[in-house]
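**Student:** Sequence:
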Amino acid sequence: MAYGQTGSGKTHTMVGKTMDSDVADAGIIPRCLRDIFRTPSQPASTAPSSAATEKRVLVTQMRASYVQVYCERVFDLLDPTSSSITNNHNALQIRETEDRGVFVDGVTMRPVSNAHDCVALMEQGNANRTVAATAMNAHSSRSHAILTIHVTTSLGTDGTSESEVYQSQLNLVDLAGSERVKKSLVRGAQVHELKAINLSLSALGNCISALSKQQSHVPYRDSKLTRLLQNSLGGNAKTALIITVNPDASEASECHATLQFGQRAMKVQVRATVNVVPDYKRLVDALQAKVDAQLDRLNDLDMDLQAAKQNEAMLQNQLEEARLETSQVKFELQAMAKMTTAATAIPTQEQSSDVSGERATTPLMQDAVAQQAVAFEAKVCELVQDHKRELAQLKHRYDQQMDTHKHVANRANQEWHNVEHELSAERTAHLATIAEVREAKEKLWSTERDTTIRIADLSQEKKDLETQLAATLKLVHEAEAKVRQLTEKAAALEAGKGQLETSIDANFVSRAQVNEMEALYADAIAKLQHRVESLETSNVQKALASKLPPVKDPLAKASSSKAVVVDGLIPKKAVPRIGRVVPAGRR
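Residue 533 in full-length UniProt numbering sits at position 533 of the sequence shown, and the numbers go up by one each step.
No lab work stands behind these hints, which were simulated from the structure alone. Keep in mind that the hints are not guaranteed to be accurate.
Claimed, not checked - Estimated spans, in silico, between C-beta atoms of each pair:
no., residue 1, residue 2, range
1, Trp445, Asn231, 20 to 26 Å
2, Leu431, Asn311, 49 to 55 Å
3, Ala506, Glu466, 55 to 61 Å
4, Gly106, Ala24, 38 to 44 Å
5, Lys497, Asp464, 15 to 21 Å
6, Asp25, Glu466, 51 to 57 Å
7, Leu500, Asn539, 48 to 54 Å
8, Pro80, Lys441, 38 to 44 Å
9, Ala506, Lys474, 43 to 49 Å
10, Ala506, Leu544, 52 to 58 Å
Unchecked claim - In the BS3-like style, the derived pairs of lysine-lysine whose C-alpha atoms are separated by at most 25 Å in a straight line are:
no., residue 1, residue 2
11, Lys267, Lys238
12, Lys267, Lys330
13, Lys267, Lys213
14, Lys462, Lys474
15, Lys388, Lys330
16, Lys474, Lys463
17, Lys379, Lys338
18, Lys388, Lys338
19, Lys309, Lys406
20, Lys482, Lys497
21, Lys395, Lys309
22, Lys395, Lys406
23, Lys238, Lys213
24, Lys395, Lys379
25, Lys527, Lys542
26, Lys330, Lys406
27, Lys474, Lys489
For each residue, glycine too, the CB sits at the ideal point set by N, CA and C.
Can you make the complete structure from the sequences, with help from the hints?
**Tutor:** Structure representation (structure tokens):
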């Protein structure tokens, strides 16, 4: 993966000037493809089988996919119908399962057999990739491109049953560069592209920071880019990160940020192990096939054993028959011997009787009888020898057949015991595999159940948090309304305060003036009371005078003037303006 500012050489480093891996200017991607197809796949457990008859067969399948992450949406670059970025329906979804991990649902997977096939796929995908010209790069990548090589290696016996399956993948990532609007001078839709690029790169930086600090939670789901690279960043992987910087002095801050990213990435600890896929169905089928083969072999041996037993019984019957024939022949020989003795005895008796009664027989008759007896005995001896010879041959053949059948029976018993032992071992392994499958299924069900419960709990927590958030937002809105009302009241009070201060400045009266006015009022009241008394006295005098005849008084004019003077005893300044308040600073 190449990381850096826009225009710093990421695409040049990953792809190079040409996709030909044999030239000196070739990038990392063509070099990786060349090395992958040059090196034969050898899994860790490719040791020869213990059985000399079993031959290990290695089958490798390679497939390639090419996607781009544009504005937080994933598009398939190998499918022209779905690579259009203007239609949101063409965006692919990211899924995650227990057996496949994180993957892009519905992405095109093309089988490849050499580096040229991959290069052709990349050229097809690059034709559909989104690029644009900016002030910093005439051919700026506006999306993150990820080329993935999926390798599946099957290791089996006899070229049929696949007992071991290995899976791995290589992600070759060409990231879009970080940008600033004031430097790249982008406008319109490119501003949204810039925001999406910086957002995904920021999410990548957050994930690297969390992994370097070994935090329990890593925010992979903050961006589609980090979600796709989840296994490559902190999972079962080996990750190579290339940092590219711009040597211009004006890009010092961007260079510093890029180097900090690389420094954090160096602290991430990864561990790569071989991914062995436990294909339980294939293992069960293979074990079942072995068990069936052993059962067939056992049945064949059982049939051979039964045939050997039948042959043994037949030979036993033949032996009994031979014994009976031998006994019968012996009986016949004994009878013939007795008859021979009787035949030789008859001529002797006849001769004695003839001698006694008549004349003796001639010597010619005696010789004939003797010859017949000798011939008969010779024939009997020959028959006995032939019979003994036949019996010996029959016994020898019987002994050979018995030895052969015993050997076959012993070998069948030995093979039967071996097959029984192998069958027992296979049965034990089969039961252990079934137990593992059952345990794996139980774990899967338990995980699914726990996941369902956890999802339900999280959904309920989400609903509760949304309810609390709504209540909090309502309180915030009410508080903001109250704050606005209080602000308006404060503004009104400030305005009233100014008016009051103006009124106070205009109407303020000091304490000394109040005391002075009180004294003036008291003096004025006393004078008014005195005048009222004088007026009452004057009225009384006028009433009395009206009853008397008028008398010219030369002093009336002077009295009238004095009365006016009396009215003037109350000066105008003795009645001040009431309610005037003077500010304290103007006292």
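**Student:** Hint by hint, which ones does the structure fall short of?
**Tutor:** 2, 5, 12 and 26
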